[in-house]
Structures are given as structure tokens and as C-alpha cells.
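S.K.: Line by line, the protein sequences are chains A and B.
Mapping of the first sequence onto my numbering: position 109 corresponds to residue 1033, and the numbering continues sequentially without gaps.
Mapping of the second sequence onto my numbering: position 35 corresponds to residue 1493, and the numbering continues sequentially without gaps.
No lab work stands behind these hints, which were simulated from the structure alone.
It cannot be assumed that every hint is accurate.
Claimed, not checked - Cβ-to-Cβ under 8 Å is the rule here; a few derived chain A residues that face chain B:
1. T1089
2. L1090
3. A1093
4. S1094
5. L1095
6. A1096
7. V1099
8. K1103
9. R1111
10. T1112
Even for Gly, the Cβ is constructed at its ideal location relative to N, Cα and C.
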Amino acid sequence: MSALRRRNAVNAFWTAACGAAVLLALLPLASLLWLVISRGVGGLSLDFFTHLPAPVGEAGGGVGNAIAGTLYMVGLASLVALPAGVGAGVYLAERGDGRFGSAVRFTTEVLAGVPSIVVGIVAYGLLVVPMKRFSALAGAVALAILMVPPLARSTEEFVRLVPGTLREASLALGVPAWKTGLRVVLRTALPGILTAALLAVARAAGETAPLLFTALNNQYWNARPDQPTASLTVQIFNYAVSPYSDWHDKAWSAALVLLLLVGLLNLAARLLARGRGGRTA
Amino acid sequence: MDAPANKISVQGLKAWFGKNEVIHGASLDIPDRSVLAIIGPSGCGKSTFLRCLNRMHELTPGAGSSGKMLLDDRDLYAASVDPVELRRRVGMVFQRPNPFPTMSIARNVSAGLRLNRVPGDHAEVVERCLRQAALWDEVKDRLDAPATGLSGGQQQRLCIARALAVEPEVLLMDEPASALDPIATAKVEDLIHELKQRYTIVIVTHNMQQAARVSDRTAFFYLGELVESGPTEKIFTNPSEQRTEDYVTGKFG
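Excised from the complex, chain A in its bound form (with noise of 0.2 Å):
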């Protein structure tokens, strides 16, 4: 056998082995996508989105109040969670390098690794427990919690990405630098921590433990922070861990609507990101 041909077999059965191993990788997704369509896109309608909860037998009902519920304690958290993040991103980047600065990246990198249900023990136990209740405030710390670690380490990742002959083309030019770390540094960032504020968003929406003892659910429209409240991820468990084969039914078809709010936000940051890379080629 000729040195070419022996190549020529040892590139061919390498290259098939990739391929096979990429579709050994897609096949969960494959049948995850297939299963949760399929079985969840018989119980979708108008009103899946816009009411409340049937009880048990009863034909109808959706999980309005579930999606208003995740919207609401998603962008609770966000409110605290977006600005803190990547402030402290900000900060890390730009004056990090010191003692402070690695405590800081020390704790973000903890923090980050802390298993979600712990995070939602502290926030029952901040919370719920001194106002003897379960609460969508409560839910929406815990969820926050989650938010910073991430958010601040990819904001520091992409400021730090900005060249620094940017920032000393604008200081050369007399603009101060504060003005430079803003509109320079900031802005020439901002599509990379705007998608990392989206994924954040979006893994937030998907989390259970976190809600399950601190917003708890309801079967009502609530829109008062400290009142239990619904989501479509705690619905979906409740539907789940049921005895009713309607109920099951309902929570496939609440995990799609859930797939598709995740999805379209993480294809809202793709889009970002794209846009990020067309202007700084």
C-alpha cells in the first residue's frame, strides 16, 4: 500500500469518526426537541397562553398566570441582577488587577459554581422565612443570585477584549477617561454584554430549584411581589410529578412554550453576537 493511500484511509475513518461523535452529541437534542414538540403541540392554543389553570378533568385552561409569573420575577431579578453584573464586570476589568479585584473574581468564580437549590435555601431563609411567606420577591432574589456570577465574569471577558490602542486613540484625542471608558470602551463592548445579559436573562427563566420553596406557585394571576406566585418552570413540575394523564399532557406542552421563550432569547443574543463580529472584522 502506498503512503498516500494508507493517508488517504487514516483521514477518511478519522473524519467519519468526528461525524460520528457530532451525531451522538446531537442525538439527545434531536429527541429532546422531538418529544417536547410532539407531545406538546396537541394542547396549544390561544388560550394555553391567556388563562389560568384548570382543575383536574376540566377541559381547557393554560398557564397564563405561569408565563406572566416567570416574566415578572425574571425581570425583578434583572432589574438588580443586569446592573449589578455588569458593573461588577466593569469594575474587574478595568481596575481588577488588584488584591480587591482577584477577592472579587475569587468569589464571582464560587459563587458561580454553587448549586442553584442552595441558592434557593439562603434566599427561604432570607426571606421567606422573616415574612412568613412564600413571595415572587423571594423568587426573584434567588434568581439574581444566579444572574451576577456569569454576567460579571463575560462582561469583564469583553471589555477586556476591546484593544487598548481604542482607549489611547480617545485619550490622545483629549477626551478624558471616564468619557472614554463610557463611550469608547463601554460602547465598543456593548453588543458582547448585551448577549451576555441575554443568556443570563434566559438561563434564569429555565431555573426550578431556585423557585420551588421561595415563590412556591399559584393558581391566580398575582402581580404583588410579596405573594406567592406561578412560573412556568414550577408548573411544569407540579403537572409532571401529578397522578392526572391531562395534567401530563399540560406540562408538555408548557415545557414547549418554556423551550420556545428560551429559545427565542438565546437566538436574540446569537443575533447580537453576529452583529458584533460583522462590525469589528
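Put chain B on the given structure of chain A with help from the hints.
M.R.: Below, chain B without anything else, positioned relative to chain A:
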């Protein structure tokens, strides 16, 4: 005839990064509306000298300088001088083109004015500076296009236009053509000839032919020491120092 007034006068400049002194006492004068070329091997302190002139050197942590630097007979490092204000009078063009990637061509030119809150729409300034930088004809139909779409040579001329827009009196150029091809380099050199009618220019270069072509006076730095400075013709044809002669004739460096 009056001798031209000195725009810049440097006396006994020392500069360092932490404990590492990189300029060991340099003195020279730069006449108004002239071009000074600074030559010397890598690491000899050329760029640091340049960055002392607009006080960019001190922005590096641990960096500092001593000695006197006078601009129009006033000390650049006096407590009353705001370095931010100073950098509007002493503009700078860098080695690698660094247009702002988030801004269009026109907005890059007007960036210094907009970021410093100078009112107006700056359309006239944009056109004047792009013409001065010999870029207008190439970009006039796409002023709103992203600056990153330009070629390297065009980007560098855009950066020159951006520096001119804040109306500096002195223009510092740190190897402005080292990342450019010969045609773009020739354009930048022509530009320097044009600009010296109105500005005092200090240019750092590794290219000795370039120094000979564009400058009125030349300073040779070696290992942090200002070996010799004087009229460009003298430096290249009849230098006083053996080291200068060895360097300009290519015996070392």
C-alpha cells in the same frame, strides 16, 4: 531673518518604567512648523520620548519622567496644566491604525469634537480634515460606512484626519507608516509635507530613507541616550558622532 521660534523645547528629560530608566537625559529643540524625525533601534526610547510630549507616558502604571518639556515656553508638566487639555493641543497618530470600530468614517473624524461636546454637526470639519489627510476623494460617497471597511492605508489616513479635527498645534506620529505598503506610505509622507505648513510634527520611524525624505531635523536615540540631533542633511551626510554614522550607514542596528 529671525530664527524660527521653538515650538517645543526639551531639557534634561529622563523617563522610566518602574525602576527601569529608558531615557537618560535628553535635550533638544523643535522649531515651529518643522518636522523632526526620531530614529534609532528598537527599545532605544523613541516612542517613550514621543509619549512624554503629550503626557501619554505617565498613563502606564509605574511610569514617570523628570526634566523640563516646554511647549510655547510653558512647562508641559506644570501643576496648572491639565493633561487632557494638553492632548487636544498635541495630537497623536499611532503605529497601527486604530479607528473606532463602532463609528462610521465621518463619525471617526468628528469623534474628538463630539466626545468633547463641541456643538454642531461637524460636516465641514469632517470634509476639511479628510481633504487634508488626502482621503476625501476615496470616501466622500460612503461617509456613513463603517470605518473598519477601509484598507489599512486608508484607516491610517482616517486616523490622521481624526487627529487633525481637534485642531492640534503639534502632531506626534509613532511609526505611522510601518504597517502600510509603499504606496500608502508615499501618501502619508506627501501628507506630512503638506501638514508641516500648519503643524509642528514629530515622527518616530525605523525607516531611515523615510526620515531623510520627510524631516527638517533628525534626532538619533541609542539605548536611551540622545546621541545627536541636528539638521537632517547633516545627520545623514556628516554626523558628529561615530555611532550616528554607523547607524545611518547601516553598520549596526
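S.K.: Can T1112(A) be said to touch chain B, with a Cβ gap under 8 Å?
M.R.: 5 Å, holds
S.K.: Close enough to count: is the Cβ of K1103(A) nearer than 8 Å to one in chain B?
M.R.: 6 Å, holds
S.K.: For the hint on A1093(A), does the least C-beta distance to chain B fall short of 8 Å?
M.R.: 5 Å, holds
S.K.: Holds or violated: the hint that T1089(A) contacts chain B, with Cβ atoms closer than 8 Å.
M.R.: This interface hint holds because 4 Å falls under the 8 Å limit.
S.K.: Taking the least C-beta to C-beta distance, is L1090(A) closer than 8 Å to chain B?
M.R.: This hint holds: L1090(A) lies near chain B, its Cβ roughly 6 Å from the closest one there, short of 8 Å.
S.K.: Classify the hint on L1095(A) as holds or violated, based on whether any CB of chain B lies nearer than 8 Å to its CB.
M.R.: Holds: closest Cβ of chain B sits about 7 Å from L1095(A), inside 8 Å.
S.K.: Is the interface hint satisfied for V1099(A)? The criterion is a beta-carbon contact with chain B at less than 8 Å.
M.R.: 4 Å, holds
S.K.: Should the interface hint for A1096(A) be scored as holding, given a Cβ-Cβ cut-off of 8 Å against chain B?
M.R.: 4 Å, holds
S.K.: Go through the hint on R1111(A) and say holds or violated, using the shortest Cβ distance to chain B against 8 Å.
M.R.: 5 Å, holds
S.K.: Just to be careful: measuring from the Cβ of S1094(A) to every Cβ in chain B, is the smallest value less than 8 Å?
M.R.: 7 Å, holds
When the structure is compared with the earlier hints, no violation turns up for any of them.
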